[in-house]
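Whole structure, please, built from the sequences with the hints as guidance.
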Amino acid sequence: MDINKVKKQWQGLTTAIEEVDYAVSGYDYNLSLERDKVRDLAVLMLDEGFYLVGLMAVHVAPAIEMVYQFAYHESRCRVMARTSVDENGEIATISDIFQGANWHEREVRDLHGVVFIDHPYLHPLILAEEDVDLKPLLKAEGKVKNVDAIRRKPPEPAPEPKPKVVPEVKPEATKNQEQS
Amino acid sequence: MSMDIEVLEDSSHHRYVLNMGPQHPSTHGVLRVLLELEGEYAMHLLPVLGYGHRCHEKIAEFKPAKSFMPNTARMDYLGALIYNHGFAQLLEKAVGIEVPERAEYIRVITSELNRIQSHLLWYGAYLLDLGAFTPIMYAFDDREHILDILEDVTGSRLTYCYFRVGGVSKDIDEKFVTKTRAFIDRLRSRYSLYETLVNGNVILENRLNDVGDLNPHTCNRYGITGPLLRGTGVAYDIRRAEPYSIYSQFDFEIPTATKGDCMASFMVRFRELEQSLRIIEQALDGLPEGPVMAAKVPKKLNIPAGDYNSSVESPRGELSFYLVSDGTDVPYRLKVRTPSYSNLSVVPEMCQGMLISDVVSAMGALDLVIPEIDR
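If you're matching them up, the sequences are chains A and B in order. Here full-length UniProt numbering is used: the first residue of the first sequence is 1, the next is one more, and so on. Here full-length UniProt numbering is used: the first residue of the second sequence is 1, the next is one more, and so on.
By construction, these hints were calculated from the structure, which means they are not laboratory data. Here the structure is a predicted model, which means the values were calculated and not measured. Note that CB positions come from ideal geometry on N, CA and C, so glycine has one too. Do not rely on the hints blindly, as some may be mistaken.
Examples of chain B residues toward chain A, derived with CB under 10 Å [said to hold, decoys possible]:
{"id": "1", "residue": "Lys179"}
{"id": "2", "residue": "Tyr222"}
{"id": "3", "residue": "Tyr244"}
{"id": "4", "residue": "Ile246"}
Anything over 10 Å on all C-beta distances counts as not near chain B; from chain A, calculated [to be verified]:
{"id": "5", "residue": "Ile3"}
{"id": "6", "residue": "Lys5"}
{"id": "7", "residue": "Lys8"}
{"id": "8", "residue": "Leu13"}
{"id": "9", "residue": "Ala16"}
{"id": "10", "residue": "Glu34"}
{"id": "11", "residue": "Gly54"}
{"id": "12", "residue": "Arg76"}
{"id": "13", "residue": "Val85"}
{"id": "14", "residue": "Asp86"}
{"id": "15", "residue": "Glu87"}
{"id": "16", "residue": "Gln99"}
{"id": "17", "residue": "Asn102"}
{"id": "18", "residue": "Gly113"}
{"id": "19", "residue": "Asp118"}
{"id": "20", "residue": "Glu141"}
Below, a list of computed lysine-lysine pairs in the BS3-like style, where the Cα atoms sit at most 27 Å apart [what the hints assert, rightly or not]:
{"id": "21", "chain 1": "B", "residue 1": "Lys170", "chain 2": "A", "residue 2": "Lys153"}
{"id": "22", "chain 1": "B", "residue 1": "Lys300", "chain 2": "A", "residue 2": "Lys145"}
{"id": "23", "chain 1": "A", "residue 1": "Lys153", "chain 2": "B", "residue 2": "Lys296"}
{"id": "24", "chain 1": "A", "residue 1": "Lys153", "chain 2": "B", "residue 2": "Lys63"}
{"id": "25", "chain 1": "A", "residue 1": "Lys143", "chain 2": "B", "residue 2": "Lys63"}
{"id": "26", "chain 1": "B", "residue 1": "Lys63", "chain 2": "A", "residue 2": "Lys145"}
{"id": "27", "chain 1": "A", "residue 1": "Lys139", "chain 2": "B", "residue 2": "Lys66"}
Here is the structure:
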């Protein structure tokens with residue numbers, strides 16, 4: 001795999017490509033893409049010899065975020081590709097490209113209620129059949145954070161010392177007050 | 001085996017469905033597989049999961065990340081320390097805690113001991129599935145030594161919670177080192193026993209050769225990792241590909257085979273025993289003095305907002321913890337990608353058209369641990 005060639009192909013599919021510090025984050029590339037490009041990306045990754053590590057959902061506002069993780073055998077290249085589901089909570093399946101996604105998608109359907117369009121057998125896998133609408137990993141109302149809240153903050157905003165020190169202590173203090 | 005037999009309406013009259021599990025000895029825990037049979041051939045397989053589901057990922061969202069450590073041990077009960085390792089490392093990376101060198105050495109030594117005992121249990125239990133009763137006695141005899149060694153230092157025999165964010169909970173002593181060295185010699189002296197008793201056995205060869213074929217492309221499509229992947233000729237091991245902890249300092253090989261059948265992964269696992277011993281030996285030789293816990297680990301571990309991934313090589317393949325944080329000490333979302341989950345998902349494709357007895361061979365070669373699949 002020639003990473004520069006792959007990157008060029010990513011550019012056509014993604015809205016943003018971010019190189020991430022492996023020492024902190026544990027992966028190399030962070031791709032953001034529109035939801036209709038998910039299948040194209042999966043085809044590209046399979047052709048380039050990546051394997052599907054897994055896929056998962058995060059319940060954030062405004063829409064549930066889907067994260068697809070790929071990795072490569074011959075050299076270190078761990079990729080997170082993220083997109084969001086549409087207003088009906090639906091997204092296209094990639095289980096016909098990466099067959100391993102079949103179960104991961106069924107699990108996401110169980111835990112988050114995301115519906116995968118054209119999935120061959122979207123039947124409860126992890127949960128019991130009677131719990132099909134339980135969606136246990138959806139956050140309680142009021143607990144759902146905006147997607148910006150889970151994004152990595154830009155490193156060291158030099159001019160003011162506040163963001164470095166204060167957020168370490170302050171949320172703790174306020175949180176304790178809330179609890180008591 | 002449950003005798004829940006029903007005639008299918010939509011296929012020819014001699015097809016019927018047989019429930020294998022959830023209490024079947026060769027499903028190792030509570031896995032159920034629906035077999036649609038034609039005679040003794042499995043024409044269609046449908047694994048049914050979730051009997052041991054505890055929703056660890058939901059539990060993780062309700063308490064400080066640090067206190068999730070015992071839960072990790074209860075997913076894969078055979079690789080508890082490796083799960084500890086992956087999770088501790090995830091938080092250390094995210095918060096930026098330096099682990100003392102001695103602690104890293106101890107982590108590697110105990111993790112590799114854990115890997116050996118997992119392989120030994122698989123070795124015995126797999127052969128038991130295949131109808132050979134004797135080997136499990138020998139394997140458990142060896143495994144018992146590891147459990148004793150680890151019990152002294154961790155306090156438990158199976159679901160260890162020994163690693164902490166920033167190090168390990170207790171230092172190892174001279175007794176640990178002596179016992180571990182004695183174990184290395186012991187296991188090495190047993191290879192010839194295993195080889196003459198099992199590995200060249202004609203029944204074993206007939207049961208494993210050309211059964212459960214995999215190839216690298218199939219592995220990519222399903223996300224199969226670990227000894228199964230290495231059995232297809234791909235030398236992929238996270239300890240080498242993305243060296244974590246101090247694995248880059250050790251000299252070890254990644255055993256591979258080329259055929260991709262059950263025999264290939266069988267031999268890969270067997271040869272991995274020696275590689276783990278080599279790592280332990282080198283780690284014991286180079287064991288530095290010093291503290292086993294980082295000096296300053298904050299009591300409340302606020303994880304900066306963002307997402308973090310930590311992948312380690314479990315006895316069964318790639319284990320990844322993926323944490324999404326909103327800046328507090330409680331994870332916003334934690335995803336555990338377990339190797340057996342992806343490995344098992346190939347069964348419907350891999351076992352289609354097999355004899356029932358070959359299905360047992362093929363599923364045993366996956367080295368399944370059901371609680372890590374169900375989580």
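Evaluation of the provided hints:
no., hint, verdict
1, Lys179, "violated, 34 Å"
2, Tyr222, "holds, 4 Å"
3, Tyr244, "holds, 9 Å"
4, Ile246, "violated, 15 Å"
5, Ile3, "holds, 15 Å"
6, Lys5, "holds, 18 Å"
7, Lys8, "holds, 22 Å"
8, Leu13, "holds, 19 Å"
9, Ala16, "holds, 15 Å"
10, Glu34, "holds, 20 Å"
11, Gly54, "violated, 4 Å"
12, Arg76, "violated, 5 Å"
13, Val85, "holds, 15 Å"
14, Asp86, "holds, 20 Å"
15, Glu87, "holds, 21 Å"
16, Gln99, "violated, 5 Å"
17, Asn102, "violated, 7 Å"
18, Gly113, "holds, 14 Å"
19, Asp118, "holds, 17 Å"
20, Glu141, "holds, 15 Å"
21, Lys170/B with Lys153/A, "violated, 36 Å"
22, Lys300/B with Lys145/A, "holds, 21 Å"
23, Lys153/A with Lys296/B, "holds, 24 Å"
24, Lys153/A with Lys63/B, "holds, 23 Å"
25, Lys143/A with Lys63/B, "holds, 14 Å"
26, Lys63/B with Lys145/A, "holds, 17 Å"
27, Lys139/A with Lys66/B, "holds, 21 Å"
When the structure is compared with the earlier hints, violations turn up for hints 1, 4, 11, 12, 16, 17, 21 and for no others.
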